[in-house]
Amino acid sequence: MFALRGIAVSLTFFVLVYCFLSALVAVSWRWLKWLHATEQSVADLLFLLRVLPLCASIVITAAFVVPSFQILEPRTADEGTGILPVALGVAALALIAFGSYRVIAAQMRTSRIVGRWLEGARPLATDARTVTFRSRRETPPLTLVGMRKPRVLVSDSTVELLSRDELLIALKHELAHIRSCDNLKKLVFRFSPFPGMAKLEAAWSQAAELAADDAAVSNLNDAVDLASALVKLSRLIPVEAAPACTVGFVTGSIGARVARLLAWSESGKQRARDIPRWFAVPPVAVALICAIVAYGPVLSLTHEVTEWLVR
Amino acid sequence: MRFSIFGSTSTPQLGPFEQQLLRELWVRGDATVRELLDDGKLRQAYTTVMTTLDRLYKKGILDRVAEGRAFRYTPRLSSEELQRGAALDGIRQLLGSGDTSSLPLSYLVEALSAHDVELLDELQLLIERKRREIKAGGIKGQDPMVLGSNAKDRR
Chain A
3 MFALRGIAVS LTFFVLVYCF LSALVAVSWR WLKWLHATEQ SVADLLFLLR VLPLCASIVI
63 TAAFVVPSFQ ILEPRTADEG TGILPVALGV AALALIAFGS YRVIAAQMRT SRIVGRWLEG
123 ARPLATDART VTFRSRRETP PLTLVGMRKP RVLVSDSTVE LLSRDELLIA LKHELAHIRS
183 CDNLKKLVFR FSPFPGMAKL EAAWSQAAEL AADDAAVSNL NDAVDLASAL VKLSRLIPVE
243 AAPACTVGFV TGSIGARVAR LLAWSESGKQ RARDIPRWFA VPPVAVALIC AIVAYGPVLS
303 LTHEVTEWLV R
Chain B
538 MRFSIFGSTS TPQLGPFEQQ LLRELWVRGD ATVRELLDDG KLRQAYTTVM TTLDRLYKKG
598 ILDRVAEGRA FRYTPRLSSE ELQRGAALDG IRQLLGSGDT SSLPLSYLVE ALSAHDVELL
658 DELQLLIERK RREIKAGGIK GQDPMVLGSN AKDRR
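Chains as they are written, first to last, in my numbering: chain A, 3 to 313; chain B, 538 to 692.
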């Protein structure tokens with residue numbers, strides 16, 4: 003009974019913190035549009051915001067709720083578990099199960115479709131540092147698939163349509179997605195569903211595309227080649243919707259991407275600043291110190307809230 | 538900036554002066570009648586501006602709070618939200634207009650495809666123009682070191 007009550011209370015805390023933080027993120031992420039930084043920084047921040055509710059709720063539950071229950075709850079207490087913790091505990095389990103189902107379903111569908119696309123595919127020798135396969139005409143024009151062993155699938159139509167330079171720069175774009183582990187990030191999104199997060203994910207997707215464009219391009223010729231590749235491949239009619247865990251080359255607002263590429267300049271690239279990663283260190287250090295210093299009182303407070311919930 | 542999708546939907550229809558005032562408020566964020574007139578962009582009388590803002594408020598497009606003896610007006614919707622609403626209304630009307638539901642949808646797909654092709658043609662022209670500029674006038678924005686390393690790969 004003690005263990006069951008502990009599990010119910012922990013799951014209750016988890017789901018409450020998760021929902022509160024998710025709602026907060028879903029409402030407030032648009033403030034990032036005022037940020038003047040590189041698209042890579044914007045994409046990183048959007049990703050961090052998207053996963054923050056899940057990570058924070060796991061950390062808070064594991065670091066505070068479980069220990070407070072283990073240490074401060076008398077094991078002999080013959081308390082029942084209230085309706086609220088049971089209901090919220092079930093909701094938390096349903097949320098975890100739904101997230102897991104979405105991840106497994108997306109992975110299975112992706113594997114099935116990518117397996118079909120790879121039928122008859124043969125390695126394509128390119129100068130780009132990516133494992134590239136040339137697939138049949140009816141497959142999507144240029145797609146990054148896989149997480150542990152990422153591969154780029156290039157259809158026959160794409161090879162015929164693009165010049166060598168255009169194909170190389172498009173592959174560099176996909177290489178940037180590989181470095182950012184964008185397929186894995188998409189899978190993480192699927193594990194933590196919450197209403198209102200679709201717009202944040204769309205904004206992340208657009209920022210990730212722009213960041214990959216920026217990473218691929220190092221001069222104006224590259225930018226024009228990439229823009230040309232985008233327009234040429236946009237004319238190909240998609241045969242089927244790409245599965246969740248893949249990154250297609252023709253994604254996001256094509257007009258905006260092409261306009262941005264055609265306005266490329268070295269000075270413009272230097273003007274946008276990366277947000278240094280060490281900016282995160284001071285707030286995390288302060289939070290850690292506060293948590294260590296006030297750990298005892300926080301555990302007591304958590305336990306009081308737990309008691310209130312159980313009643 | 539033109540708002541060509543205003544009108545002909547269940548989203549409130551706006552006249553040219555209403556649109557002009559709304560644009561001013563989107564730029565400023567909020568304003569009183571006096572502040573709008575003090576900018577010097579409007580030539581209308583104080584009462585005309587006041588009546589038009591009141592009409593926009595009654596149409597549900599503006600919010601207002603009393604400030605002394607006047608009102609301070611704020612747009613309730615952003616430009617994007619208003620355009621989105623108008624576009625959705627238009628699409629709903631289109632889908633509800635035919636005897637068979639698939640017919641208007643096919644018109645929509647056709648129109649979108651035509652729009653896409655036109656857009657891609659325009660983009661292609663821009664790319665070709667840029668290539669000509671690069672060829673004619675040297676490479677603007679070029680990083681010399683990268684150019685040197687990539688020069689052999691160029692067509």
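Worth double-checking, as some hints may not be accurate.
The following label-pair restraints were derived from C-beta to C-beta distances [what the hints assert, rightly or not]: (1) Met110/A - Glu665/B: 54 to 62 angstroms; (2) Arg181/A - Val564/B: 39 to 47 angstroms; (3) Leu614/B - Pro278/A: 32 to 40 angstroms.
Facing chain A, according to a computed beta carbon distance under 8 angstroms, are these residues of chain B, among others [stated by the list, open to error]: (4) Leu574; (5) Lys578; (6) Gln581; (7) Leu657; (8) Leu660; (9) Ile664; (10) Arg668.
FYI, nobody ran anything at the bench for these hints, they're computed from the structure.
Just so we're clear, the structure is a prediction, and the values are computed from it rather than from any experiment.
We treat Cβ as the ideally placed atom computed from N, Cα and C, and that holds for glycine.
So, going through the hints one by one against the coordinates:
1. Met110/A - Glu665/B: 54 to 62 angstroms: The hint (54 to 62 angstroms, Cβ to Cβ) is violated, given that Met110/A and Glu665/B are roughly 44 angstroms apart.
2. Arg181/A - Val564/B: 39 to 47 angstroms: holds, 40 angstroms
3. Leu614/B - Pro278/A: 32 to 40 angstroms: holds, 37 angstroms
4. Leu574: violated, 30 angstroms
5. Lys578: violated, 26 angstroms
6. Gln581: Constraint on Gln581/B not satisfied, violated at 33 angstroms.
7. Leu657: holds, 5 angstroms
8. Leu660: With Cβ-Cβ at 5 angstroms, under 8 angstroms, it holds.
9. Ile664: At 5 angstroms from the nearest chain A Cβ, Ile664/B passes the 8 angstroms test, so the hint holds.
10. Arg668: Status holds, d = 6 angstroms.
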